[in-house]
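Undergrad: As a plain string of letters, each chain reads:
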Amino acid sequence: MHWTVDQILALAPDPNTAKRGQGLATQRKWLSLETDGRAVWGQCKSSGSAHYETAVDLKGPAFRCNCPSRKFPCKHAIGLLLLAYAADTDGFRVAAEMPEAVQTWIEKRDNKSGQPQKERTEEEIKKSEERKAKTFNARMDSMQEGIKDLENWLQDLIRVGLASVESSASDMMTVRRSTKAHNSSEFWNTIAKRMVDAKLSGLGRRIRELSLIQGATPDWPARILAELSDLYLVVKGFEKLEELPEKLQKEILSLSGINTPKDELLSQKGIEDEWMVVGQFEGMNIDHAAVRRTWFLGQETGKYALVLEYDYRNEGFPFHWPKGRVFKGEMLFYPSIFPMRAIMRNHQITEHAVDGWGGCENMEEFLADYAKTLGQNPWLVDYPIAFTNVYPQMNDGVLYLVDENQKGIPLLNVGSSNWKILALSGGNPIEVFGEWTGEVLNPLGIVADYRYVGL
Amino acid sequence: MGIEKEISRIALVGTQRTQLPAEVRQQLVSLGVKKDASDEEMILTGAALVTKIKKSNFIPQQIPLAKSEAKEESEQVCGPRSIKHLYMIVDGAFENALPEFLFNLSKHDKCLPPEILPDLLDQSLTSPELWSKLKHSIGKRGEWLIQQNEDWHRLITQTIPANWDEASNDDRLRILSKVRKEVPGRAIDMVREAWPQESVNQRIKFLKVLETVKDKELESYMETLLDDRRKEVRRTAVQVLAKMPDSALSNRIFDRLKSLMSIKKRMLKKDKLEIQLPDKLDDSMIRDGIDPRVQWFKGGVKASRLGQMVALISPSKWTSHFEVPASEVLEMFVRSDWGELLIQAMVEATNLHKDEDWIEALLSFRIESKDRQRWQNLNVSRLMEDVSDKVFNQVAIKGMKQAKGLLEENSPITTLLKNSVSLWEDELTLLVMKNLQTWLAGETSRYWNGWHYRTILKKAAFTCNPFLHDQLTADWPEESRIWSSWEKEIEEFLSTLYFRKKMVEGLVR
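Protein sequence lines correspond, in order, to chains A and B.
Residue 175 in the numbering used here sits at position 175 of the first sequence, with consecutive numbering throughout.
Heads up, the numbering used here is the position in the second sequence plus 1000, with the first residue counted as 1.
Among the clues, some could well be false.
Said to hold, decoys possible - Here are the computed lysine-lysine pairs in the DSSO-like style, where the Cα-Cα straight-line distance is at most 30 Å: (1) A:K269 <-> A:K59; (2) B:K1034 <-> A:K247; (3) A:K45 <-> B:K1354; (4) A:K71 <-> B:K1084; (5) B:K1354 <-> B:K1216; (6) A:K250 <-> B:K1034; (7) B:K1258 <-> B:K1231; (8) B:K1354 <-> B:K1370; (9) B:K1501 <-> A:K323; (10) B:K1501 <-> B:K1133; (11) B:K1459 <-> B:K1398; (12) B:K1107 <-> B:K1140; (13) B:K1404 <-> B:K1459; (14) B:K1084 <-> A:K59; (15) B:K1317 <-> B:K1269; (16) B:K1071 <-> A:K240; (17) A:K45 <-> B:K1055; (18) B:K1265 <-> B:K1370; (19) B:K1501 <-> B:K1084; (20) B:K1071 <-> B:K1084; (21) B:K1418 <-> B:K1370; (22) A:K240 <-> B:K1054; (23) B:K1035 <-> A:K240; (24) B:K1005 <-> A:K236; (25) B:K1071 <-> A:K148; (26) B:K1501 <-> A:K45; (27) B:K1035 <-> A:K148; (28) B:K1458 <-> A:K71; (29) A:K247 <-> B:K1054; (30) B:K1055 <-> A:K148; (31) A:K240 <-> B:K1269; (32) B:K1317 <-> B:K1302.
Claimed, not checked - The following residues of chain B were derived to be distant from chain A, with all beta-carbon distances above 10 Å: (33) I1043; (34) Q1061; (35) S1168; (36) K1214; (37) D1283; (38) E1340; (39) E1427.
In short, the hints are calculated from the structure, not lab data.
Fair warning: this is a prediction, and the values are worked out from it, not measured in the lab.
We put the CB at the ideal spot given by N, CA and C, even for glycine.
So here's chain B without its partners, still in its complex pose:
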């Protein structure tokens, strides 16, 4: 309706600056506005009429019905109670319970209610971790919905661009990853060919892709890269080779290390590992990644060279070499003259090789060690990120059994519990709660806040078995002088547990 725009324009400019055109007046009069009305009256009455006429004459749009229906659901949508729980999770009251909800949903062959899908699909676009859990529970409705929104297509279609030469950096990585899986040797040739044109960062990303298949060809190629002019490339090649079992590089370094170590038998004491620091650093050692100048271990550059070598070697080589378990190797290292150096290097090596036995050995060593002052700077928190549920629980239970009274804020067991991503076994949960209850019962200082216990409680609320709820509601020292400072946190912990219990029960039905 042109008249609507015209009167809006005049209203915007003002009638004192512009006159209402005669044809507009005529049109407004024909709509029912009084002929003798002033311009202002005409605009105000006319606008009212035009708006009402426009609304009254709204014409629905002709839209062909696309007969695209979602397939019938093969899995049952979770029940009303579970939907309620899900709303409480996505509304933020128990947001950390989402992975557990999705796990149980998939476990019981149920799928999500459709209305929740759009928000979760949107979140999945930036969270591959969420998508990996969500995709099993979207049902046929979710599959259909993804087809309706182009933005969500990339969640399900891993289209690999065909043209390597014209592909973007990210696409090139995807192409390379696919080729590396299907024709491993071709992938190395592709990297060799592309090498001169690529930035150092992209080259390193290529090497990380190649590393996914550890074969002889890769080793040969990485050996050539030990002579690359860029330090970052050489360092990456060293790490890739070090992680390859029985690569020439790791054997060379291990042979050098063995030549520096010997066992000294002692009559009344345990055997001692004698260590000779590497005096000279030849070119082959530098080529194998040992930096002659770096000083990251205390004890000077020579000690640092030893540390660098140990940090590259797979920890399992030591257990095979000495034919004793990891804990005994650690004892032997501790008894040597370079105990701190060797243990720190073993933490680095374990972190590089992700060796589960050694993660357990090192965490246990750190938690159980009585010489607190000696090991206070030994940082094992990176090992905690890769710990399996089993090892986490073994180590934490041992640590809790040893703990006497209050857990100290910076103690390794506190750090382990605070940072855990593992599910807590019942024994561990009961030990931690007993410890807290005992401390609460005896503590009298209201001003001591115990923030780390609050963090542990928050962590435990989502990682321990929710069916312990009934058992855990008992034995809280409500008569304690500091109970009022803790009641809220304990209540929160118990109500989270209760919610999770009901949530899991709801999904079983």
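With the rest of the complex left out, here is chain A:
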């Protein structure tokens, strides 16, 4: 496909990288520029004596550069891609073969994205299965002990009252004579660590996140109680795990921290479609790692998929999903009652931009679907929904999304997002994608006048 300047710049992690990438989109900055049709690569002059070796796999695209930048893709990769497609240059020499480093990288990428693995013998498979079962059983034993521990802790907490959480935290601080290092999160961290030790990392993370709720809003006790009650549901579910349907079992194990390994997921067949990037949210998790949630909506299947990525080493996210663009690829869903979390295989950006979706037009129908799904999966947190033909309407200072039947649901206001939605609508119906929390819609993307705008 042909890439435009805007498409390439949209791949940059921030405006400054885009800006610097543009500065490098000139031949004089490069010692060599080569291509074999599949990839482009080159040596970019650096300010010192070294040169940076940059390559872009045009199938994807994917980027590789040995510069020390933590931005991904770096300015060199953006500059190289701009030179390949957007600049008026014929400076690329057509090479018969790739340099070794680029060749190895491309091969590794091909293998990762679904090339068949080396076949194993029957005995090897048997041994591996036995090893896995042994490990799994040991883990389950540990988890069951942890679950019992959690149940006691939850009941104790209700017995002493949530109000004691603050004083417990301050007592601990006094005992340890610490000033800043220990805060009220220590209270939650103690039990969270016990959960992690018991191989219940999923529950441990959820408990640690409770420290963010504590005291954050006037209704924090009710919010914490809601979270604790969800944990209690997991405890109760875990205790009767074997009696539950298989999908619910997997849901509970997944919540507890046993996720389907990526290899296992990759060995399955996914859903092929053209996937629209309808919403994206970037933030930090409790460990201060960057987290990106990207929502896709299949054009043919109408399925939602959530690609969740973490950047623990501040190296940037591995892939780029520009908002409002369409990717062709195979979506592999993690098993769940309501499968949403997924990874995409063999993805390739298309030339299309999102210009609309045939979404839900009726609030009551949407809420009925939501209630049904929540009935199947009580741990459902954020429910994706794309609306079509809805009106943003301000009512008593709150923005609602209202259907033709004049039924409205409230919208979460982040920054000036509500005013942006109103501006895009101009009083006319629009299309909105967002995450429904059960009380409010967190809008992530809008289509107005056939144009997608991410929020």
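Using the hints, position chain B against chain A.
TA: Chain B only, in chain A's frame:
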């Protein structure tokens, strides 16, 4: 749901301090919680059930659809490429390019994409300068949006409060400003009437409003204020009168000055301006704003009195009086015995009267002057704030042509370039870049940082013609020993230029 609050309350206090009431237990059992469960179990399971039921039973609100639609856009919204450029500007990568973007948008009869409007309207509330540029590009959608948010109403409605007596200080200024434009004489009467009740600061603000229309009535009123008991009021009145062409006050001061000056003809040299310092200071001079004690010019109080008088007079009076251009008047002043005093006073006068010919003359004088030591303390930076594009370029080009080698950090031309708000003509840009390239090529000291050149580059990136980009990418001395210390700044400069070029091209389409 009352039960939700009740179980939250008990969870907060703790079951060891309070018991779960029997009716709450009953309600939870009816929802599906086991009858024999402990209080703690009942609360935890009950909370889960109540939360899920609440979410499942969410009732959408009945909201009447207000049929208020924005009118159809008469101007075209800028294209996707320009929107991308705009995002890069508002995200901070090229924030200084916003005025240029808005100017070109309006020039090509296009309007802003709606999603960008809320943030820019918010910024406009505290930046009238931004609003003056933005308002031409908000389109019908923007006009509609402003109506939806009360905070933004004041951007478009200049409602003048009707009641002068009860209005706040700021509102009174707005009322006065309106009346001064419509019925000038009435405004002066209003100030006279309000005068006794107002603070000195408010009185001075009133006078600044009255000054917007310079008429005979204003002059008469200001003459009375020369006898006001407050010094601040008297000083403001003097300045207002001095700025009025042919006011009695400026004629009085000019007549006094003329009586102190004479031209001495010399055989082999140019004529010399002979100056006699004012010996006595009578009451009328003090009334006209000459402070007998102040000593702000070197040379003592007498010289200072002369300086104060010159600083009040419109510089154009001198060109008319001597019938020579400004540059020759300056030469004549420089040749006098009180050269430094007179030139400093002329800077003050030019700043007061904002006379463009004199701004050019004084800036040129400062930049071209060879006697650096004599004029090193002459500060002309305030004149640079009011310089027009034309004068800025004339002066800067002359200065650059004279510059030999490295521009010094504190030289007037450096100050002029660093502080410029004017658009640079191509000739100036090429001269500055050539100067930098030449210096870079010859310089070997890596430790010399040249911060002022970096500031000039940053300024030039947004003030020079972006279509010079291709020409300016050539001839950089990449083999220079100090190139690596400069590459980043040059790259930044060129990429900003490239961005602006593409931005302008995008808006033309």
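Undergrad: Give a verdict on every hint.
TA: Hints and how they fare:
1. A:K269 <-> A:K59: Given that 30 Å is the threshold and the Cα spacing comes to 21 Å, the pair holds.
2. B:K1034 <-> A:K247: Given that 30 Å is the threshold and the Cα spacing comes to 25 Å, the pair holds.
3. A:K45 <-> B:K1354: violated, 50 Å
4. A:K71 <-> B:K1084: holds, 20 Å
5. B:K1354 <-> B:K1216: With Cα atoms ~22 Å apart, B:K1354 and B:K1216 stay inside 30 Å; holds.
6. A:K250 <-> B:K1034: holds, 26 Å
7. B:K1258 <-> B:K1231: With a Cα-Cα distance of about 27 Å, the restraint between B:K1258 and B:K1231 holds, given a limit of 30 Å.
8. B:K1354 <-> B:K1370: holds, 26 Å
9. B:K1501 <-> A:K323: holds, 26 Å
10. B:K1501 <-> B:K1133: holds, 20 Å
11. B:K1459 <-> B:K1398: Measuring from Cα to Cα gives roughly 19 Å; hence the hint holds.
12. B:K1107 <-> B:K1140: holds, 17 Å
13. B:K1404 <-> B:K1459: holds, 21 Å
14. B:K1084 <-> A:K59: holds, 24 Å
15. B:K1317 <-> B:K1269: Measuring from Cα to Cα gives roughly 25 Å; hence the hint holds.
16. B:K1071 <-> A:K240: violated, 61 Å
17. A:K45 <-> B:K1055: violated, 58 Å
18. B:K1265 <-> B:K1370: The given pair, whose Cα atoms are some 25 Å apart, holds under the 30 Å limit.
19. B:K1501 <-> B:K1084: Status holds; Cα separation ~14 Å.
20. B:K1071 <-> B:K1084: holds, 25 Å
21. B:K1418 <-> B:K1370: holds, 21 Å
22. A:K240 <-> B:K1054: holds, 26 Å
23. B:K1035 <-> A:K240: holds, 19 Å
24. B:K1005 <-> A:K236: holds, 24 Å
25. B:K1071 <-> A:K148: violated, 64 Å
26. B:K1501 <-> A:K45: holds, 25 Å
27. B:K1035 <-> A:K148: holds, 22 Å
28. B:K1458 <-> A:K71: Holds, at about 24 Å.
29. A:K247 <-> B:K1054: Measuring from Cα to Cα gives roughly 25 Å; hence the hint holds.
30. B:K1055 <-> A:K148: Between B:K1055 and A:K148 the Cα gap is close to 29 Å, so the pair holds against 30 Å.
31. A:K240 <-> B:K1269: violated, 114 Å
32. B:K1317 <-> B:K1302: Between B:K1317 and B:K1302 the Cα gap is close to 22 Å, so the pair holds against 30 Å.
33. I1043: violated, 5 Å
34. Q1061: About 5 Å separates B:Q1061 from the closest Cβ of chain A, which leaves it inside 10 Å; violated.
35. S1168: holds, 27 Å
36. K1214: Correct as stated: the minimum Cβ-Cβ distance to chain A is 44 Å, above 10 Å.
37. D1283: Nearest chain A Cβ is 62 Å from B:D1283, so the label holds.
38. E1340: holds, 47 Å
39. E1427: holds, 25 Å
In terms of the numbered hints stated before, the structure departs from hints 3, 16, 17, 25, 31, 33, 34, listed from lowest to highest.
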